[in-house]
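Protein chains in written order, with full-length UniProt numbering: chain A, 1 to 189; chain B, 1 to 462; chain C, 1 to 309.
Everything labelled a hint here was simulated from the structure, so no lab data went into it. Think of the CB as a built atom: it goes at the ideal place given N, C-alpha and C, for glycine as much as any other residue. Any given hint might turn out to be false.
[Unchecked claim] Every beta carbon over 10 Å from chain A, so not counted as near; a handful from chain B, in silico:
id : residue
1  : Arg340
2  : Arg381
3  : Gln393
4  : Arg411
5  : Leu425
6  : Pro427
[Claimed, not checked] A short, non-exhaustive set of chain C residues, derived as facing chain A with CB atoms under 10 Å:
id : residue
7  : Leu69
8  : Trp105
9  : Leu119
10 : Leu137
11 : Leu258
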Amino acid sequence: MGTTSTVLLWVLGVLALVGGVLVFTLNSMARVTFALLGSLVCVGGVVTVLRLPYLGVVIVLMMVMEMVIMAVFMIAYMMNPAGLMPMSMLHNKRGSLVISGLVFAALVVGIFLVPWPDRTGARLEDTTFQVGMSLMGDQMLTMVTLGFVLLATMVGATVLATRRGRYDRFGDDLDQRPANDSAGGGVGR
Amino acid sequence: MGLTAALTRAAAARPRVLLVTTPGGTPVRLAAEKELRSRDWPSASTPAGADLMLVAGPDCSRLGPALERLWQDMPRPRVRVRAVTADEVASVLEAGRARLATPEGDRGGADRTAGEHGHGEPGKHDAESVRADHAKDDRGFEGGAHARHHDDGPEASGHGGEHAGHGGTGHGDGDDDHARHGHDGHGHTGHGHGHGGMEMPGGLAMAEPGEDRDGLTLDRLHVPLGPFLADWPAGLTLRVVLQGDVVQRADLDDPPAGGPADPFWSRPWLRATTGEPVCVGEAARRRAAAHLDSLGRLLSVAGWPAEAVTARRLRDDLLEEAPASAILPRAERFTRRVGRSRTLYWLTRGVGLLSAADARAASVTGPAVRAAGGDVPARYRQWLTEVMDAVRQLDATAPLNPVAQESPRGRWDAERPPSAALVKLLPRLLVGAELGAARLVVASLDPDPDELTACRLEVARG
Amino acid sequence: MAEAGTWWALPAAPAMLLVFAVLAVAADAALDARNAGRRITAHTAVRPLLAVPRALLAQPRRLPAPDRLLWRAGVITVPVAAVLATLVIPFGNRVVADLSVGVVWFNAMEVLTWAGLWLAGWGPNAAFSLVGGYRFLALGLAYELPLMFALISAATGAESLRVTDIVGAQHGLWYAVWMPFAFVLYLAGVLAFSFLGPFAYPLGRDVADGVLGETSGVDRLLLQAGRWLWLAAGAAMAVPLFLGGGAGPGLPAWAWSLVKTLLVLAVLVWTLRRLPMLRADRYVELAWVVLLPLSVLQALVPALVSLTR
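Next up, chain A with everything else stripped away, as it sits in the complex:
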């Protein structure tokens, strides 16, 4: 690894940590969300510098979308009006301190206990294909199952969160068209 990569790695690592600290010290929900986003973007950068450009850029892509959507929900479902009212982001301080300490310790121990493999063969320029093969080759069944589980979770959560069901929309005999909705959709169902 060259000097540039090493410097980048350190800078991005430190920035990611700073972002992480800010998440717990800032007092505005919007700023906290975007501090977390900044931190995760730095993590994406770290992964890219470690020669996994696909995963790195995808982390940036997904995290931006997720954090923005999360900002909407965090601000929408908070007991306290959002960024305007300064608020503490810490809850259950002692419990969370214990949990995070234990997790941190476990991860550090893991670093030393895992038998890291030695490099065999030369380093590849483009790792995207390898990432794809290792995820979609042997683990295809896992990925497909995971995909369906995630989809089912999302659909299920939405259905559970919606008060109105199909009988509200289509009437008791499900024959009422168009549906009885408070606002019409684009396809006219």
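Keeping the supplied structure of chain A fixed, place chains B and C upon it in accordance with the hints.
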């Protein structure tokens, strides 16, 4: 210094204009819109994006504070001008541009006092001279008021606690606090955070939660629509309670107290009722122009500026007595393009449903009743049909019967003008609509506040 | 085929992007003038650029309790992301950074506008501005997935995420020809992430310019510039993805890139005024119920072709 001067001059070559129409100012607005279009001066929707504020129409003391707020929201360099009659629009705009082209430093304190005098206290003027004074003074622009504005920190007292009293373009100061709150849900009722005596940043107060359309408990946001919103009936104020961007409640503000109105769009009918001879062709011309004006507004709100411009050009040509032969093909092309647009239909269908029976029950007459189907596309298609009918009658010379033939918004009755019924419908139609849909509903009915009352000079006198 | 990394490519790419954006603004102004019945001269076309001196002069906004930091961050993000996105777009045979994951990079930069626009709406602490910010997210949820599948269709056809590989894989047959639906969805996506014309929803006139409503001066200029820069970047990216890049008879590669980019840009600018603004409450359902399944089917076509090759 030389660079700033050069930049100032360049920037003033194409000022963005905040066109504010006061009730009764329709002819001035029409002249101003035409002037801006031919000069290629863009029209701004908010004070933040404007350099020049043009107040079109007679003075109206009730709307004074709202105007003042708009003016204070404009970033410098800025100029404020007023046109009371349609004839002076061009000269007033030119004067405003010239002022904008002068670097700040050269303007000095002289016009500050002039501005203070001009727009500060219209009540001081002798009623007879209001018109002349304003034409002169308001070209003096910058009030001392805005100097104070700059010194204000975010905690300016003027911003605090003033929630309901906002006019302007819905972005007024006091509303800002609600802005955030409207989107702050209170899903967890278990958390006992009292909102009571909390000190809010900027001295703004908290919004309160309430049940929303979908069964969530979301904060309520009080936003006034009007009186000076872009593409909005001038002077009409609707106070809406928003949750998210869904209207939960809408209340009409009292129209400005006033005497007999002289609505521009119904003037031929007004004259015919007093016994003056008016021919059908003239009335048809006015009706077509009125519908095109409404269509222009609707298309602008629907986000189709190109066709809105087409509608407004047709309207202006009609009012300039263009012959029917010149208008007809263009009107046909416009009708075809807008009336047959599937996208526009798809975007607006089912919005603002108003059955003919309900409309009749609310004593609505005119196109809003005739529009079969009763949603926004039915209404704009009805307008288009009536525009075509009217354009074909432009040369008719028979005398106008003001009872048999309807004015643009319905059967003319000085006691109960057709717009009064339309305005009454609005609160009911708006509830449950998303903000964009609510704007479409208002634009598709397009009541003319000029018909209700106007802030006229006679009123100021009485 | 593409050479990466000559030193002058780095400043040249943003400069060309700016030129394309200015051309698009000028074309739009000319169409505006024709529509409004004004004479069209060279002068008319460049008049919108007078917004630049005006922006430099105007004072910034003073609002009660804004989140100035986030506001500024959002406003800057939009144009900066557009410029960063162009780094992977080959022009002729040249490209600034020929990343192995160029398509994903472009996509990630485009998604940054989500954050940028929401922050720009949140920052000023004003009702309509915030509604505008949220509107872009609603629109984003509708346009993003079809757009991603359109990008993936092109990448699957070439079996590579490297943009120059995609250009190389289109020998003889442009992807626009045998993946027309992906091409159309991509162009719609370009209009959406530059939030112009039919996708001007977050800046709608019905919410008093929404996100743009409270900005003035340089902030306003940056947001407006961001829109047109994104339009130009999207048009430039359409060429390597779907129109065979610089390939073509007779002319050198850069000339073909230039011609094709200008054509795509012209089509986009023309489309801007042909449609009314799409509201998310209608468009989301169309996007998820109709466009998304179709875009998945479209992505299936190159996948099957690649398998049987």
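Going through the hints against the structure:
no.	hint	verdict
1	Arg340	holds, 19 Å
2	Arg381	holds, 18 Å
3	Gln393	holds, 37 Å
4	Arg411	holds, 32 Å
5	Leu425	holds, 19 Å
6	Pro427	holds, 17 Å
7	Leu69	holds, 7 Å
8	Trp105	holds, 5 Å
9	Leu119	holds, 7 Å
10	Leu137	holds, 6 Å
11	Leu258	violated, 28 Å
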